[in-house]
Amino acid sequence: GNSVTQMEGPVTLSEEAFLTINCTYTATGYPSLFWYVQYPGEGLQLLLKATKADDKGSNKGFEATYRKETTSFHLEKGSVQVSDSAVYFCALMDTGRRALTFGSGTRLQVQP
Amino acid sequence: GAGVSQSPSNKVTEKGKDVELRCDPISGHTALYWYRQSLGQGLEFLIYFQGNSAPDKSGLPSDRFSAERTGGSVSTLTIQRTQQEDSAVYLCASSPTGGESYEQYFGPGTRLTVT
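Protein chains in written order, with my numbering: chain A, 180 to 291; chain B, 168 to 282.
Simulated from the structure, these hints should not be mistaken for laboratory data. All of these numbers come straight from a predicted model, not from anything done at the bench. Any given hint could be a false lead.
Said to hold, decoys possible - Distance condition first, Cα-Cα at most 20 Å in a straight line; then the derived DMTMM-like pairs of lysine to aspartate or glutamate:
#1 A/235 - A/273
#2 B/178 - A/221
#3 A/247 - A/233
#4 A/239 - B/270
#5 B/224 - A/233
#6 A/231 - A/194
#7 A/231 - B/235
#8 A/239 - A/273
Said to hold, decoys possible - Okay, the calculated beta carbon distance ranges per label pair:
#9 A/218 - B/189: 18 to 28 Å
#10 B/264 - A/197: 21 to 31 Å
#11 A/199 - B/221: 38 to 48 Å
#12 B/221 - A/196: 45 to 55 Å
#13 B/248 - A/246: 20 to 30 Å
Beta carbons are placed, not taken as given, at the ideal position from N, Cα and C, and that holds for glycine.
Whole structure, please, built from the sequences with the hints as guidance.
This is the structure in structure tokens:
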């Protein structure tokens, strides 16, 4: 079956540090890949997506590249801000099933 | 415009009671999803509705769980004879279509506590 594995948190960084949150997946076929973010007290919202191999999704300074050869979709940001503190979820949607399969989430804490 | 809304926002119930959770999707969205978020299991898919097609119930954890969607819009998730392990945040999402590249818009969730 499908699965998504992402790095354990919490990840604690100082403001303006470089961020990487690792995500790898297992799926049949060619899934679409997503990063969702959940800010404190708010609902899940889409951060970025990529629908085919080598696509790069980007939004709000965050980027992730769909790497089919390594089955990965790592999230990166060059300079984090305190306002980026949230829980980040990697997810996939495969070609057959319309539901999202989520990773366990990674809590990011950015200190001033 | 209005986003996905869910009610109630919080629900505390006694073990063995039935509960109903409601979801109002974004107007015009044909696809509707239920997920739950719990400490032990993370975010799990429960059920998916697409238009008038038969729902995909493959994520429902037991036959105590059921859902319906009336008129292609509002959906109700029903949990019968609630158990303590049903305690979780139940999330509803909708999208313009069931395709893979369409974003799912999530509601704020209903926090269910079974005592």
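Hint check:
no.: 1; hint: A/235 - A/273; verdict: 18 Å, holds
no.: 2; hint: B/178 - A/221; verdict: 18 Å, holds
no.: 3; hint: A/247 - A/233; verdict: 7 Å, holds
no.: 4; hint: A/239 - B/270; verdict: 17 Å, holds
no.: 5; hint: B/224 - A/233; verdict: 33 Å, violated
no.: 6; hint: A/231 - A/194; verdict: 32 Å, violated
no.: 7; hint: A/231 - B/235; verdict: 33 Å, violated
no.: 8; hint: A/239 - A/273; verdict: 26 Å, violated
no.: 9; hint: A/218 - B/189: 18 to 28 Å; verdict: 24 Å, holds
no.: 10; hint: B/264 - A/197: 21 to 31 Å; verdict: 37 Å, violated
no.: 11; hint: A/199 - B/221: 38 to 48 Å; verdict: 42 Å, holds
no.: 12; hint: B/221 - A/196: 45 to 55 Å; verdict: 49 Å, holds
no.: 13; hint: B/248 - A/246: 20 to 30 Å; verdict: 45 Å, violated
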